[in-house]
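Visitor: The residues making up each chain are set out below.
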Amino acid sequence: MSAVPLAARELAIARGSRTLAQGVELELRRGEVVALLGPNGAGKSTLLATLAGLLEPAAGRVERGGRVAAALQAPALARRSVRANVEAALAWWGVPRDQRRERALTALRALRVEQLAERPAAALSGGEARRVHLARGLALQPDALLLDEPFAGLDAPTRAELLHDASTLLRAPERATLLVVHDRAEAWALADRVAVLLDGELVSGPTAELLEQPPTAALAGFLGFSGELREADGASVRLRPGHVVADPAGPLAGRVTHRIPEEDGLLCELELEDERGLLQLRLPHPGPAAGELVRVRIDGGVRIAAGAR
Amino acid sequence: MDALFDGLGDAFRLIVHGDRDLIATTLRTLRIGVEATLLAALLGLPLGCLLGLRRFRGRGVLLTLANAGMRTPPVVLGLLLWVALWPDSRWGGGPLAGLGWIYTLDAVILAQTLLALPIVIALTAAAVQAVPAALLDQARAFGASPWQTALLALREARIGVVAALLTALGTAMAAVGAILVVGTSLGNATLATAALTNWEMGGQNAAAVAYGTVLLGIFLVLAAALTRLQHRRTWAAQT
Numbered sequence: 001m002s003a004v005p006l007a008a009r010e011l012a013i014a015r016g017s018r019t020l021a022q023g024v025e026l027e028l029r030r031g032e033v034v035a036l037l038g039p040n041g042a043g044k045s046t047l048l049a050t051l052a053g054l055l056e057p058a059a060g061r062v063e064r065g066g067r068v069a070a071a072l073q074a075p076a077l078a079r080r081s082v083r084a085n086v087e088a089a090l091a092w093w094g095v096p097r098d099q100r101r102e103r104a105l106t107a108l109r110a111l112r113v114e115q116l117a118e119r120p121a122a123a124l125s126g127g128e129a130r131r132v133h134l135a136r137g138l139a140l141q142p143d144a145l146l147l148d149e150p151f152a153g154l155d156a157p158t159r160a161e162l163l164h165d166a167s168t169l170l171r172a173p174e175r176a177t178l179l180v181v182h183d184r185a186e187a188w189a190l191a192d193r194v195a196v197l198l199d200g201e202l203v204s205g206p207t208a209e210l211l212e213q214p215p216t217a218a219l220a221g222f223l224g225f226s227g228e229l230r231e232a233d234g235a236s237v238r239l240r241p242g243h244v245v246a247d248p249a250g251p252l253a254g255r256v257t258h259r260i261p262e263e264d265g266l267l268c269e270l271e272l273e274d275e276r277g278l279l280q281l282r283l284p285h286p287g288p289a290a291g292e293l294v295r296v297r298i299d300g301g302v303r304i305a306a307g308a309r
Numbered sequence: 310m311d312a313l314f315d316g317l318g319d320a321f322r323l324i325v326h327g328d329r330d331l332i333a334t335t336l337r338t339l340r341i342g343v344e345a346t347l348l349a350a351l352l353g354l355p356l357g358c359l360l361g362l363r364r365f366r367g368r369g370v371l372l373t374l375a376n377a378g379m380r381t382p383p384v385v386l387g388l389l390l391w392v393a394l395w396p397d398s399r400w401g402g403g404p405l406a407g408l409g410w411i412y413t414l415d416a417v418i419l420a421q422t423l424l425a426l427p428i429v430i431a432l433t434a435a436a437v438q439a440v441p442a443a444l445l446d447q448a449r450a451f452g453a454s455p456w457q458t459a460l461l462a463l464r465e466a467r468i469g470v471v472a473a474l475l476t477a478l479g480t481a482m483a484a485v486g487a488i489l490v491v492g493t494s495l496g497n498a499t500l501a502t503a504a505l506t507n508w509e510m511g512g513q514n515a516a517a518v519a520y521g522t523v524l525l526g527i528f529l530v531l532a533a534a535l536t537r538l539q540h541r542r543t544w545a546a547q548t
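Each protein sequence line maps, in turn, to chains A and B. Using our numbering, you'd call the opening residue of the first sequence number 1 and step up by one each time. Using our numbering, you'd call the opening residue of the second sequence number 310 and step up by one each time.
With the rest of the complex left out, here is chain A:
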């Protein structure tokens, strides 16, 4: 049993004649969960489909050390009962007929949708369909499970519930799991490692390391480091709103250029004096008015050396 059930080597992916990424190196190891992040159109779903064998690589190769199953983005269910849908997937996977029913019900039970087993799939809500879709993937017990945005299109409470359940279910010592997400919070909650597909390149690393210390300005920008503090040597410090703290004795001062009211406060954009950059920070309501001077100090962030993209 290979410890690496799925790997990409010098992989290039394409949609039609358009190459979306190249030189992709990725190893999925048993027992780990990897989150794949990237902006819209970066090629995340294409990469997943290529890894799953649904698309041919434009270059390079995909190495499979086990069986790979992919739950694609749309929870496409046939016009049959929920149980029949899961059993059909098991049939395609090659599971003997006498084992299908029990495995289907076990997976539905794990996702807390066993009571929907005999319901027509067309009658499911979005959240229920997502759970059934995930149950199908888990029921197959593949060596590598690829999930394309398993939480897409769900309202906040439904998403939070599914995320909570998935954080336990996706962990299995014998299985490698790759999931495409577009929310960093999902990556934090689920993944041991994160891979970011940006500008045709894949960068990966341990979740905390990559999300907190992105190596390039472009990556930092994508990962929510929206503020920039320019330094004299040409380097810059990229900052999330949480890294900027309002402090009347702080060393930096900036004027409020934008105010965006949010649930828990006000997101303010500051233009620093001496053209040192733009920062974002959160302040309690009602917050400063536009044009008002605010003093701040920096608590965190990532320093990007001059010349690093």
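Errors might be hidden in some of the hints.
[What the hints assert, rightly or not] Just the calculated beta-carbon pair ranges, DEER-fashion:
1. A/Glu118 / B/Leu351: 42 to 48 angstroms
2. A/Gly41 / B/Gly378: 41 to 47 angstroms
3. A/Pro96 / B/Arg368: 35 to 41 angstroms
4. B/Val325 / A/Ala122: 53 to 59 angstroms
5. B/Arg368 / A/Arg184: 43 to 49 angstroms
For the record, the hints were derived by calculation from the structure and aren't laboratory data. Backbone N, C-alpha and C define an ideal beta-carbon position, used for all residues, glycine too.
Assemble chain B onto chain A, guided by the hints.
Guide: Showing chain B alone in chain A's frame:
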């Protein structure tokens, strides 16, 4: 109008009394129509899936041919088959002369199958094309083979597929022109449609209406059975 009412009266009497000729001709018509449709389904469903689900060079041409084939005039097809099946003689024989099928029920089945085949192909291709691609991609991502994917597409498109079979059956059973050409010497082994035409031409309008009524009845029963199959809920609930 008299002929119509006489015919309806005759039909009622023939059915009630279980007329031997009527039963034999009816069963033969039914058997030949169903056999031809089954043969067309056996060939046409996989070909329809292939044309509907796969992309390859020449697909458009084949789809065009299938669509055009749906309107093949039965008499033209009958004549082509007649030439193809014509036995060896001093004027030469057709390419299928070796089969020895001219003026046999086999020739009739062949004619009806060839009339039904493009219908099954074209309408099946159209039906499976309407199945969401995401569903079929998902099946492949869970390990479904091309055959399993095609089967899934047929199940999902069952309303359209059964409509295709129903149309093919209707065409096969109603095709008179081809039958008259390739099966004209069948004598008492003829089919209801051919008998109906011959009698109408011979002035036996009442008997023609009787056979026509029975033929319509048969087709109504078959259509009802297939429609029931088309909309059966339990099928949808099975694996």
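Visitor: Mind listing which of the numbered hints don't hold for this structure, in increasing order?
Guide: Checked against the structure, the hints that fail are numbers 1, 4, while the rest are satisfied.
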